[in-house]
Structure formats: C-alpha cells, structure tokens
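There are 4 protein chains.
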Amino acid sequence: MTTLQASAQKQLRQMIESIERLEEEKKALADDIRDKYNEAKGLGFDVKTLRQIVRLRKKSQTERQEEESLLEVYMHALGMLDGPLSADAEAAVDHMIAAE
Amino acid sequence: MTTLQASAQKQLRQMIESIERLEEEKKALADDIRDKYNEAKGLGFDVKTLRQIVRLRKKSQTERQEEESLLEVYMHALGMLDGPLSADAEAAVDHMIAAE
Amino acid sequence: MTTLQASAQKQLRQMIESIERLEEEKKALADDIRDKYNEAKGLGFDVKTLRQIVRLRKKSQTERQEEESLLEVYMHALGMLDGPLSADAEAAVDHMIAAE
Amino acid sequence: MTTLQASAQKQLRQMIESIERLEEEKKALADDIRDKYNEAKGLGFDVKTLRQIVRLRKKSQTERQEEESLLEVYMHALGMLDGPLSADAEAAVDHMIAAE
Numbered sequence: 440m441t442t443l444q445a446s447a448q449k450q451l452r453q454m455i456e457s458i459e460r461l462e463e464e465k466k467a468l469a470d471d472i473r474d475k476y477n478e479a480k481g482l483g484f485d486v487k488t489l490r491q492i493v494r495l496r497k498k499s500q501t502e503r504q505e506e507e508s509l510l511e512v513y514m515h516a517l518g519m520l521d522g523p524l525s526a527d528a529e530a531a532v533d534h535m536i537a538a539e
Numbered sequence: 440m441t442t443l444q445a446s447a448q449k450q451l452r453q454m455i456e457s458i459e460r461l462e463e464e465k466k467a468l469a470d471d472i473r474d475k476y477n478e479a480k481g482l483g484f485d486v487k488t489l490r491q492i493v494r495l496r497k498k499s500q501t502e503r504q505e506e507e508s509l510l511e512v513y514m515h516a517l518g519m520l521d522g523p524l525s526a527d528a529e530a531a532v533d534h535m536i537a538a539e
Numbered sequence: 440m441t442t443l444q445a446s447a448q449k450q451l452r453q454m455i456e457s458i459e460r461l462e463e464e465k466k467a468l469a470d471d472i473r474d475k476y477n478e479a480k481g482l483g484f485d486v487k488t489l490r491q492i493v494r495l496r497k498k499s500q501t502e503r504q505e506e507e508s509l510l511e512v513y514m515h516a517l518g519m520l521d522g523p524l525s526a527d528a529e530a531a532v533d534h535m536i537a538a539e
Numbered sequence: 440m441t442t443l444q445a446s447a448q449k450q451l452r453q454m455i456e457s458i459e460r461l462e463e464e465k466k467a468l469a470d471d472i473r474d475k476y477n478e479a480k481g482l483g484f485d486v487k488t489l490r491q492i493v494r495l496r497k498k499s500q501t502e503r504q505e506e507e508s509l510l511e512v513y514m515h516a517l518g519m520l521d522g523p524l525s526a527d528a529e530a531a532v533d534h535m536i537a538a539e
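Protein chains in written order, with our numbering: chain Y, 440 to 539; chain W, 440 to 539; chain U, 440 to 539; chain F, 440 to 539.
Derived from the structure by calculation, the hints contain no laboratory data. Some hints could be false.
All copies of an identical chain are treated as equivalent in the list; a pair is satisfied when it fits inside any one copy or across any two copies.
Here are the computed lysine to aspartate or glutamate pairs in the EDC-like style, where the Cα-Cα straight-line distance is at most 20 Å [as the list claims (entries may be wrong)]: (1) K465 x E506; (2) K498 x D471; (3) K487 x D470; (4) K480 x D527; (5) K487 x E507; (6) K475 x D485.
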C-alpha cells in the first residue's frame, strides 16, 4: 500500500472542505462584528468600553458586584483610591479569607 | 444632563444587542469546527496535521514550495537534515540574499 | 553552490542559539510569575483580581477614572446599575460626543 | 473591620510589586528577542522561517520526521503534491489507523 485508501481519501477531503466552509463563515462573522464596532465608533461610542460591556453582560449582576467589590478592596489597600471603601466593598472584606 | 439622551441610549442598546447576536453565532461556528475536528479524530485522522493542512491550503502551491525550500536550506545549514538538499532547496539557495 | 556559505551558516547558528537562550530565560520568568500568583492564591488572594490590579497600575489614576466613568455611563444607560450616576460619571456624560 | 488588615495589605503590596518586576524583566526579554529577529532580518534571513526553525528544534528528529510524513500523506491524498510519496511517508501510511 502506498497511499490512503480511496474511502479514507474521500473522508479526508470532505472533512477538510467542511472545516474550510465553517472557517469562512466564522471569518465573515468576525468581520461583521468588527464592522459593527466601527459603526458604533462612527456614532461617537468608545469601542474599548463597548467591548468591556459585552464581557460584563455575560455575568450576573451579583457576580459583577462581587468582582467589583473585591477589586475596590485591593485597590484601596494599595492606595489606588481616594476616600473610604463603599458599603459593598466593606462587606467583601468581611467575607475575605486573606492572610493575617 | 445627567445621563445619555434617550436616542443615544437606544442606539447603544441596539449596537450591543447586535454584537451579542453576532458573537453567539460566531461561537456556535467555533463549536461546529471543534466538533468536526473531533469527528475526524474519531475516524482516525490526526487533528494537528489536519489543522496544518487547513493553514497550508490557504497558500498557493508556489508559495508553499518556496517556504518549504527555504526551511530545508536553513535546517540543512543547522545539521537538522540527513542527506543532500533537494533540487528545489538548491534553487532557493541560489536566489537567497544571505549575509556573506 | 548547493548550500549556505560557511559564514552564513555560522551566523544562522549564532542567531538561532541566541534566540533560544533568550526564549528560555523568558519562559523561566513566565514560570516565576505563575508561581508568584500561586503563592498569592495560597495566601488567600484572588488571582483574577490581582491580574486586574497589575493591568490597572500601568495606567494613571486620571486614565482609570475616565475609563471607569465612561463604563458607568454605558452600564447605567443599559440598566445594568441600580441607583443614580456618580458625580464623575455625570461629568463624563457632559464631555461625551455621543450620537443624538 | 473596614479594610484589609495591615499585614495583608503589606503582603498584597509585596506580591504585586514582585509580579511587576518579573513582568518588566519578561517584557525586556521579549524586546531582546524581537531585536534579535530584526538583526537576523538585516543580515538577509527570513524571520518567518527562523521562527519555524526555533519551533522545530524543540522536537526530536524522529518526531519531526513522523509529523512531516503524516503531513505528506494527507497532502498527497488531497492532490497538493506532485509525484509519488517518499519512502518515509509510505511507511507512515502503513502505520496509520485511518477510516476505511
């Protein structure tokens, strides 16, 4: 035997061609997404913030608030924030298991 | 004014929702591609090599051969290959502008 | 000529070996960074939040506050926040060039 | 309690500062690697092929040959190669568990 059998050759070609079609559709969607962000930019919106919004909307409000509170606690501890901690962040500290 | 105007709010929401729909479709396609590779794996094909094939088929045969020849020249110079250079690789050396 | 000249061969080998040494040192540092995060995790810190802190500290406080305010404006417009906008976010709205 | 204890604050600061130092060193090495590739380019070498060489040298010769043979078998089955399979690629076919 010096090459793949005809049936395996056919399977291989079908697999590759399916994948290529799917890759093309995926690329077209990636282009559409980029265009949509550009359209938003043209309307005066900030693209970086929009991307952040899209990421944040995948999380629940509770999840977002917990993350935000923990970030505030760390930032406060490092002197990156002016003023006192918010009530949410204070509650986060109370639940933390940090090193003593 | 303490918040975005109603029209801008509406635009923002439409933009974000469009992007989210496109992102979902893109994710579904990424899942389909992964499934297709898994199906190929189940048939006995090597996924890493299939991915390489998909990359290579985006290039012309000439482009592939030139890249392959150049790689062969470098590998030969570094002692990574047994035997002499192929005719294609020799031709590549003749065209190279390498430091003397 | 059937291969690279001796001088080019030598240069090629030196280049590749230099790059490999640098890549090794870079990989060792990546490992050190991962170890440091694991150590922090062992002390009770949240790794994801630590990574966010490292990113945020590369920015000035002004830059961080502007980004945070804009994010708050967009989140508020999308109904992702309870309560009114903060004073900073209101100021951000006043400076925005959003579509009408 | 309204904030992290002093000892945890100190640990947090030390962790973050260690990570930042390591990140800086890592970035400096990434810059050195980029400079080295640019230097190689200035000497007439092809950067893309050099990167491929660096990847390939992490593998054993046996591993490289097996991958190359399998790639050749698939490319041949897809009509991407002129001429017959090499002896190595024929041997690879004999060992393959491909779909019938």
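Hint check:
1. In the homo-oligomer, the alpha carbons of K465 and E506 never lie at most 20 Å apart, since the shortest distance is 32 Å inside one protomer and 27 Å across protomers.
2. With identical chains, the CA atoms of K498 and D471 are never at most 20 Å apart, being 24 Å at best within one copy and 24 Å at best between copies.
3. For the identical chains of this complex, K487 and D470 are intra-copy neighbours only, at 17 Å inside a copy versus 26 Å across copies, given an alpha-carbon limit of 20 Å.
4. Taking CA atoms no more than 20 Å apart as the test, K480 paired with D527 passes in neither setting, with 33 Å inside one copy and 22 Å between copies.
5. With identical chains, the CA atoms of K487 and E507 are at most 20 Å apart both within one copy (18 Å) and between copies (12 Å).
6. In this assembly of identical chains, K475 and D485 lie within 20 Å of each other by CA distance solely inside one copy; the values are 12 Å within and 35 Å between copies.
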